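Student: The primary structure of each chain is shown beneath.
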Amino acid sequence: MATTANVHQTKWWSGGKSPFNMEYGKLMMWYFLMSDAFTFGAFLISYGSIRFSQNFWPDPNVVFNAFPGAGHANLPLAFVSVMTFILIISSVTMVLAVHAGHKGDKQAVVKWLAWTIVGGLAFLSCQAWEWHHLITGEHATLIDGQIKMVGQTTTVNPWGDLASASAVADALKNTSHETLVQLVSSHDHSVSHEQLAGMSQEKLISMVNAADLHIRENGPVAFGGYFYGITGFHGFHVFSGVVINIIMLIMTQKDVFQKRGHYLMIEKAGLYWHFVDLVWVFVFLCFYLI
Amino acid sequence: MSTHFDPTKHISSSAAYPEVSFHHHDTDDAAFKKKVRKTTILLSVITIIELAIGLAIYTIHKGENPNALLVLMFKGAVCILTLAKAYYIVSVFMHLGDEIRNMIMTIVVPLMLFIWFIIAFVADGNSYKNLRNKYDKHFQESTMPADHHKKAEEPKPADAGGKQ
Numbered sequence: 001m002a003t004t005a006n007v008h009q010t011k012w013w014s015g016g017k018s019p020f021n022m023e024y025g026k027l028m029m030w031y032f033l034m035s036d037a038f039t040f041g042a043f044l045i046s047y048g049s050i051r052f053s054q055n056f057w058p059d060p061n062v063v064f065n066a067f068p069g070a071g072h073a074n075l076p077l078a079f080v081s082v083m084t085f086i087l088i089i090s091s092v093t094m095v096l097a098v099h100a101g102h103k104g105d106k107q108a109v110v111k112w113l114a115w116t117i118v119g120g121l122a123f124l125s126c127q128a129w130e131w132h133h134l135i136t137g138e139h140a141t142l143i144d145g146q147i148k149m150v151g152q153t154t155t156v157n158p159w160g161d162l163a164s165a166s167a168v169a170d171a172l173k174n175t176s177h178e179t180l181v182q183l184v185s186s187h188d189h190s191v192s193h194e195q196l197a198g199m200s201q202e203k204l205i206s207m208v209n210a211a212d213l214h215i216r217e218n219g220p221v222a223f224g225g226y227f228y229g230i231t232g233f234h235g236f237h238v239f240s241g242v243v244i245n246i247i248m249l250i251m252t253q254k255d256v257f258q259k260r261g262h263y264l265m266i267e268k269a270g271l272y273w274h275f276v277d278l279v280w281v282f283v284f285l286c287f288y289l290i
Numbered sequence: 291m292s293t294h295f296d297p298t299k300h301i302s303s304s305a306a307y308p309e310v311s312f313h314h315h316d317t318d319d320a321a322f323k324k325k326v327r328k329t330t331i332l333l334s335v336i337t338i339i340e341l342a343i344g345l346a347i348y349t350i351h352k353g354e355n356p357n358a359l360l361v362l363m364f365k366g367a368v369c370i371l372t373l374a375k376a377y378y379i380v381s382v383f384m385h386l387g388d389e390i391r392n393m394i395m396t397i398v399v400p401l402m403l404f405i406w407f408i409i410a411f412v413a414d415g416n417s418y419k420n421l422r423n424k425y426d427k428h429f430q431e432s433t434m435p436a437d438h439h440k441k442a443e444e445p446k447p448a449d450a451g452g453k454q
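Protein chains in written order, with our numbering: chain Y, 1 to 290; chain G, 291 to 454.
Chain G with its partners taken away, still in its complex shape (with noise of 0.2 angstroms):
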């Protein structure tokens, strides 16, 4: 073995683009088999939790006194669990895992703005909800869901915790 690596010794006398050297995936089968058979398992399982829990939340709405909190919780577990979801399936599926780390870089760094996109845009449609509730009672009063209605008209439960 020669003292200087050279990256391009594997390359097979087919391949197209000599400058492109290795190949990522010539794993041996039954390593491969077992690794799409476990993201699989692993995607369906998520998948089956995430319906799970968007049943419960139909159950807790349709009960009497909805449980805002715990229905915010679960909906942040499911956007959890949809992320997982999103990175075995960019990393395992797509194979972005396999490649070089500046290329990764490259897509999940742009990707980044997300984080601001969401943020910034969620809560203006918030804040903009927030002033006409203050400042158009007609909207208020003609989009407010009726259990605000009527916890306002009867005089005896007036604890606040109705949905938002």
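Extracted from the complex, chain Y is given alone in its bound form (with noise of 0.2 angstroms):
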């Protein structure tokens, strides 16, 4: 049959056919996704041509090394990683249901929608804690001449170079009580933060030892503006997928698509899941890898 096919040229240009072979809505959905590739791409671009403008650039492996329930542990690339997995899984279970939509297998379909939808909760879960965890997280940082406790926001940076011991020095004599208390407590605890905060500027000051603190100095500020953006407007495309997928989800249950006789409508839902999932291989690659 395919030879058949070969030995006849379908003239798909002369009427009665689709010359693209395919439903208006899902090649439709095709250059929504290739006009949302450049919207994705122009902002990937422009990071890139701001770092690539900049003599610095935080390391990735310094500024992302949390990890749920971790502590302090130094864990680059880990919480990352198993966000990425999330998002490859609930790519895998878009796939099967859309196969299954092709059977018209309700029941698998409502199987693999909801592990889907599930897994796109995760994801955005695990974002909703990453950004928490960067803007709260506050780093000792030096300042204009001075150690500041900071998170990271898109006003401040503190991925900075590692500072010099002589300037933590220096900063350490115009730093606020208040930072002194909280330098000196995260190091040591065997005094309690009432009589720290009994303590004079100076004695708090020879409590604290610059070399061992690694403070740095506060880095490129384009780059909170940059990740919060575009892992944000991608952390938005992956909610409305979701939100996509539970419409689908309902749409399923009330039996709409098995009166309808098909389930292409799945199958444009699972065009637009596989996007985000898409768009988020970049962002991997251009904010944690290199």
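The set of hints was computed from the structure by calculation and includes no laboratory data.
Below, simulated BS3-like cross-link-like pairs (lysine-lysine); rule was C-alpha separation at most 27 angstroms, straight line: (1) Y:Lys268 to G:Lys323; (2) Y:Lys26 to G:Lys324; (3) Y:Lys106 to G:Lys325; (4) Y:Lys111 to Y:Lys254; (5) G:Lys328 to Y:Lys26; (6) Y:Lys106 to Y:Lys26; (7) G:Lys323 to Y:Lys26; (8) Y:Lys106 to Y:Lys259; (9) Y:Lys111 to Y:Lys259; (10) Y:Lys268 to G:Lys325; (11) G:Lys325 to Y:Lys26; (12) G:Lys365 to G:Lys328; (13) Y:Lys111 to G:Lys324; (14) G:Lys323 to Y:Lys103; (15) G:Lys328 to Y:Lys103; (16) G:Lys328 to Y:Lys268; (17) Y:Lys106 to G:Lys323; (18) G:Lys324 to Y:Lys106; (19) Y:Lys111 to G:Lys325; (20) Y:Lys103 to G:Lys325; (21) Y:Lys111 to G:Lys323; (22) Y:Lys111 to G:Lys328; (23) G:Lys352 to Y:Lys148; (24) Y:Lys268 to G:Lys324; (25) G:Lys324 to Y:Lys103; (26) Y:Lys106 to G:Lys328.
Since the model is a prediction, treat every value here as computed from it, not as a measurement.
Take each chain as given, in its own frame, and dock them per the hints.
Tutor: Have a look at this one:
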């Protein structure tokens, strides 16, 4: 049969047939995804452009080294690899849902769609934890000649180059009493917070060993904006993908597709979901690996 | 069998789009499952290799004298692996590989714009950095990583090879 198809050239453009042999909605989903790829591409290329314009850029292994429940353990890349695998697996369950749709197997569609939704929600939870950890986790940073406790936000970046011991020693003199108390208590647990709060500036500075602190200068401010902007935009895509999948699940349950005679809608939702996974592959590359 | 090929003769009566003549996906279940399993394993293995390279870059950076060229090569390898992953997701999971060639081209050809897009803007950023380092000494002194300063201060290892 395949040879027959090869011998006779099909005239796709002479009317009566779909030139791309594809349903309209699915074709338009492809073109939407192509335009969305340019949107994400523009964001990532802008990030690359700014990154190449800097002498220093934070090492992702230093920034992303936390894992939920692991405290201050240094685990570079561990958590983001979990997120990546969650998204890959949810993409696979979506493939299985689409395949079940082709066979008109309602129960299997429901099962695999539900797993895809679980995967999407798990990914969003991971991202929420990561953002929360980056924003609220405060790091002693050398900014404008003094040490400040800052988190990773869009206005300040605690992941600059390691400050020299002499610069840190100078900065300690200008550092606020409150920050000094925090610095000492984070390394020396033998003295209570109240006792430290009662000590003089000089006493506190003498308790700090500037060389042990590994204090960093403030890094390029653009890092935060790009990271939260792009991962946020991707996270919003994941969120809308989850919403679309939930709608598909409800429609499947209500036999909408069964009555229609085909599950092409699941296929279009599937395309969108795979695209979300595809974008993450590049976000993962640009922010976490290189 | 008639001599004229009619692509619409296999259409199921329930299909809502009679002008769409064939379904690509009615291969048997076992072959499909095998293909999905293969692709899943492939994507996972590539991701694990990427993570291993990421950790290798981390240990190189931690070391005494980071080899900038080696890091750059590792980063290039990760980029190629990522493109391989993107190819498998698009062609197998999204079934783009099964579509009509004309349709594939309407997606792939516009994406070629990225080749110019990436090169032009990354080169632009790089040129901006070079210009600022040349004409804005404050920018250079305040943002250049410390090991560069140290190398400039200490006269004994006057060789180059610091990271860029």
